[in-house]
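Assembly of the complex is requested from the two constituent chains, each provided in isolation within its own frame, with the hints serving as guidance.
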Amino acid sequence: AQSVTQLGSHVSVSEGALVLLRCNYSSSVPPYLFWYVQYPNQGLQLLLKYTSAATLVKGINGFEAEFKKSETSFHLTKPSAHMSDAAEYFCAVRNTGTASKLTFGTGTRLQVTL
Amino acid sequence: KAGVTQTPRYLIKTRGQQVTLSCSPISGHRSVSWYQQTPGQGLQFLFEYFSETQRNKGNFPGRFSGRQFSNSRSEMNVSTLELGDSALYLCASSLDGTGETEAFFGQGTRLTVV
Numbered sequence: 001a002q003s004v005t006q007l008g009s010h011v012s013v014s015e016g017a018l019v020l021l022r023c024n025y026s027s028s029v030p031p032y033l034f035w036y037v038q039y040p041n042q043g044l045q046l047l048l049k050y051t052s053a054a055t056l057v058k059g060i061n062g063f064e065a066e067f068k069k070s071e072t073s074f075h076l077t078k079p080s081a082h083m084s085d086a087a088e089y090f091c092a093v094r095n096t097g098t099a100s101k102l103t104f105g106t107g108t109r110l111q112v113t114l
Numbered sequence: 001k002a003g004v005t006q007t008p009r010y011l012i013k014t015r016g017q018q019v020t021l022s023c024s025p026i027s028g029h030r031s032v033s034w035y036q037q038t039p040g041q042g043l044q045f046l047f048e049y050f051s052e053t054q055r056n057k058g059n060f061p062g063r064f065s066g067r068q069f070s071n072s073r074s075e076m077n078v079s080t081l082e083l084g085d086s087a088l089y090l091c092a093s094s095l096d097g098t099g100e101t102e103a104f105f106g107q108g109t110r111l112t113v114v
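Chains as they are written, first to last, in our numbering: chain X, 1 to 114; chain R, 1 to 114.
Restraint-style ranges between C-beta atoms, simulated for each label pair:
hint, chain 1, residue 1, chain 2, residue 2, range
1, R, E102, X, S3, 19 to 29 Å
2, X, N41, R, T14, 19 to 29 Å
3, X, K68, R, T20, 36 to 46 Å
4, R, G42, X, N61, 22 to 32 Å
These are computed hints drawn from the structure, not numbers from a lab.
For each residue, glycine too, the CB sits at the ideal point set by N, CA and C.
Isolated chain R (complex conformation) (with noise of 0.2 Å):
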C-alpha cells in the first residue's frame, strides 16, 4: 500500500512569488491536513479538507490556502511569500480525520524563500 506522497520534496522560491506543493493521499483516505514546522513556531495546523471541502482551518493569512480534488489529492498554495514562510509542510491522510483515527504523514516539502 502506497504511503502519502508530497512533491516536490524540496523548494526554493523568492519572496513574493507563490508557491503550489502536492500531496496524494492513501487510497481510500478522504481527508487530508496540512501542517507547517518550523523551528520557532513547531507544528502547526493550517488546515483540512475532507470530500473536497474545507473542513477546519487554522491561523493562517489568507495567503494560505488549498484545495482538494475529487480523487482525494490535494494542494496547497501559498502566495506572495515571506522569509517567514521557509518551512516544512507536512501533509497527513487519514479515513476520516477525525477521533482515533490515525494520520499518515508524507515526508513533507521543505520550502526555503530568499
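This is chain X alone, in the form it adopts within the complex (with noise of 0.2 Å):
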C-alpha cells in the first residue's frame, strides 16, 4: 500500500526565513500527491498537487514543492515565513488507476515566530 512519511511533527521558523516541510513517499510508481494545510477547527484546503505534469510544482500562498523521484520525495517549500503559515500540514498520496482514497502522513505543524 503506498503511503507517505513526513518527517518532523513540529516545525518553527522566523517570520521571513525560509519554510521547508518534508515528506517522503513510498510507491512502486509515481503517484498522485498533494499538500493540504488545516487551520484550527477548518476543514483541509489543497496547497498544491503533483500530477506528472511537472516535477516543480507551484500552489497557493507562495508554497511549492518538487517531485525528486530519485529521493522519493516531495517536500513542500516557501522563500518567506509569514504570521498567517502558522498551521498545520498534511502531505498525501492518491494510488494511481481507480482508487479514490487519499492517505495521509502524520501532520506536521507549522510555527511562524516573530
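Encoded structure:
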C-alpha cells in the first residue's frame, strides 16, 4: 500500500525565513501527491498537487514543492514565512488508477515566530 | 460556487447512541469521501461513494456506515457510539475522486461522545 512519511511533527521558523516541510512517499510507481493545510477548527485546503506534468509545482500562498523520484520526496517550501502560515500541513498520496482513497501523513505543525 | 457543507458542525452524544452526519458536495461532484481525524490516529479514510455506490472502504467496524443520494449528498451513520469515536469527521467531494482530481474538504463535524 502506498504511504507518505512526514519528518518532523513540529517545525518552528522565524517570520521571513525559509519554510521547508518534508514528505517522503513509498510507491513502486509515481503516485499522485498532494499537500493540504489545516487551520484550527477548519477542514483541509489544497495547497498544491503533483500530477507528473512538471516536477516543480507551484501552489497557493507562495508555496511550492518539488517531486524528486530518486529521493522519493515531495518536500514543501516557501521562501519567506508569514505569521498567517502557522497551521498544520499534511502530505497525502492517492493510488494511481481508479482508487479514490487519499492516504495522509501524520502532519507537521508549523509555528511562525517574530 | 458553494463549497462542501457539513452539518452539524458540533455534536455531543452519549455512549451507545447513534449519530448521522450530513455532507453536501460541490455541485456537479459525484464522489464523496469521509475521513476521521483524531490526535492519536491522524486522518483515516472511512469510505467513498460515487454515484450512490460505495466504491472504497477503509478499515473501520461495521458500526460506521454511509450512503449517497441521487443528488450526491451523503450521510454517514455511526451506531452504538463509543468514547473512541470522538473525532473530527471530514467530508471531501471531488468530480470523480480518482487520480489527480482535487478533493475539496468541508469544515468537518466535531463529534464528542461522553
